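Here are the chains, one letter per residue:
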Amino acid sequence: MPDEPLLRLDGVDAFYGKSHALRGVSLEVHAGEIVALLGLNGAGKTTTLRTIMGLLPPRAGTIRLRGRRIDGMPAHRVARLGVGYVPEGRRMFANLTAGENLELAERPGGEWSIQRVFERFPKLRELRGRKAGKLSGGEQEMLAIGRALVGSPALLLIDEPSQGLGPIIVTDVYRTLAELRAGGVAILLVEQNALLALRVAERAYVLDDGRVVYAGAGADLARDRARIGTLMGLPSDELPVS
Amino acid sequence: MIERLAPEVVNGIVLGSFYAIVAIGLSLIMNLTGTINLAHGSFMTLAGYLAFAIMSRGGSFWVALGGAALLTMVVGVAVERLFIARLYKRIPLYSLLLTFGLSLIAEESFRLIWGPSSVPFAVPTNLQGSTALGNIVLPTYRLVIMGALVIVITALLLFLYRTRLGLRLRGAVQDPDMMAALGTNTRVLYTVNFAVGVLLAAIAGIFAAGLLGLQPTMGNSLLMPAFITVVIGGMGSLIGSIVGGLLIGLTVSITTLYLPAASEIVMYVLMAVVLLVRPRGLFGEAGIFG
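Just so you know, the protein sequences line up as chains A and B, in that order. If you want my numbering, it's the position in the first sequence, counting the first as 1, plus 1277. If you want my numbering, it's the position in the second sequence, counting the first as 1, plus 48.
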């Protein structure tokens, strides 16, 4: 494992107004790995991604990308340094076409051109003239991933990619994530469905009330369903079956 | 009949085009940043005076048009960067008060520099006089204005729908945070957007100076109809601003012909009727760049 992780958070505190959303969050993502960020609703998963992205400036702590401080940077600079964002609910530009959604994010000369995204997701090429708001949930998720990819990121922040999608589509999305990792893109993956995320993640963090309450290998956590239940405040027999 | 009506129709279209262009600028700024720009009329007047200053130093009308429009845009960028941009994160009332204050300062400054009454803003002689289309005789300058404003609107549409910057503006109207997270510096977008709005106001202001006469309140007198245009056309709709502007212009000028006493009030009646039937305005549902 290289000394300097791709992404490193140290003691990050963040607030929404007066509510303390993150309390001393520390985590690492190394190049080429998928890291799951788990926890209940309101545990601070989405807030962590927004804070890394620069959409919510941290009150304390440091965030480093390849060793370089990015906390306090505006979001567009974080993006240009190689962080791609696939937000919860996908946040399509609904009135723009699928093709325009890609065009406005493209950074010419990067590793991922729109053509390459079309080769990876041939369906998007067919749909490029359609308004993004008219696409199905699965198509929107692919478009949201493609839109993050045309910025040629080294790290993808993905928030709840399985939300609202049928099981076949979810399998498809997760296969895509594994392929992207194989292609060298690191992924910080936020999921409600812990078992699903743990099938692909090398390592996992569990957040509870803004604190990291578990950090370890994904496989260990996946085997220990009782542990997941405790950490996420659910009895193990209520865990979603993957 | 047609000979009497035609000039009033042309008049209405010209007036309506002014309202539309000013309303589009207001709409662009309102949609992207939530700023209700009460200083918009001041930029029109400023552009008129700058054009007047350039012409009185021997510049031609067209040089004055280009030069004054660009200078006004530079002033607009400075105002946005120095003052308005500080208030984007606050509720719209702050920028409304700020721009209202700026418009008062501007109006008094025009009075101090160029005096309280009209200055002789002369359009070139080849644009004066009238042009006959068949047996209908129309004032040449109004036809020129109509042509120019059509070109301006076309250019704006090409900018919004055929350039990368225009695409980013359309995206940012929907979700500025997401645009930022995709690598676009939205602060720059806000400034570009404001500059485009001011440029539209400036061009309208210079043409209006030759039509309505140039005095310190010229721009502000066009601002109220422009706001009504935004309301009638529907907040945020580009096509709504164009249709709304023409509707008001035509209604006002035709009323002037048949019932002069009602010409002042008719646009407010029109607004009330539209709001009763469609509270969002005629095209209020579609987003501005929809």
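These are computed hints drawn from the structure, not numbers from a lab. Predicted model, so just to flag it, every value in this text is computed and none were measured. Backbone N, C-alpha and C define an ideal beta-carbon position, used for all residues, glycine too. Among these hints, one or two may not hold up.
Stated by the list, open to error - Ranges of calculated distance between the beta carbons of each label pair, as one might list FRET restraints:
no.	chain 1	residue 1	chain 2	residue 2	range
1	A	Pro1385	B	Lys137	52 to 60 Å
2	A	Asp1486	B	Pro327	40 to 48 Å
3	B	Glu51	A	Gly1406	44 to 52 Å
4	A	Asp1486	B	Leu130	39 to 47 Å
5	A	Gly1288	B	Ser157	25 to 33 Å
As the list claims (entries may be wrong) - Stretches of chain B that chain A covers, calculated by requiring three or more beta carbons in the stretch to come under 8 Å of a beta carbon on chain A:
no.	segment
6	173 to 182
7	210 to 220
Going through the hints against the structure:
1. Pro1385(A) to Lys137(B): 52 to 60 Å: With a Cβ separation near 31 Å, Pro1385(A) and Lys137(B) fall outside 52 to 60 Å, so the hint is violated.
2. Asp1486(A) to Pro327(B): 40 to 48 Å: Roughly 44 Å apart at Cβ, these two residues keep to the hinted range, so it holds.
3. Glu51(B) to Gly1406(A): 44 to 52 Å: 49 Å, holds
4. Asp1486(A) to Leu130(B): 39 to 47 Å: 43 Å, holds
5. Gly1288(A) to Ser157(B): 25 to 33 Å: Given about 53 Å between the Cβ atoms, the range is violated.
6. 173 to 182: violated (count 0)
7. 210 to 220: Three-residue rule met by the segment 210 to 220 of chain B, so holds; n is 5.
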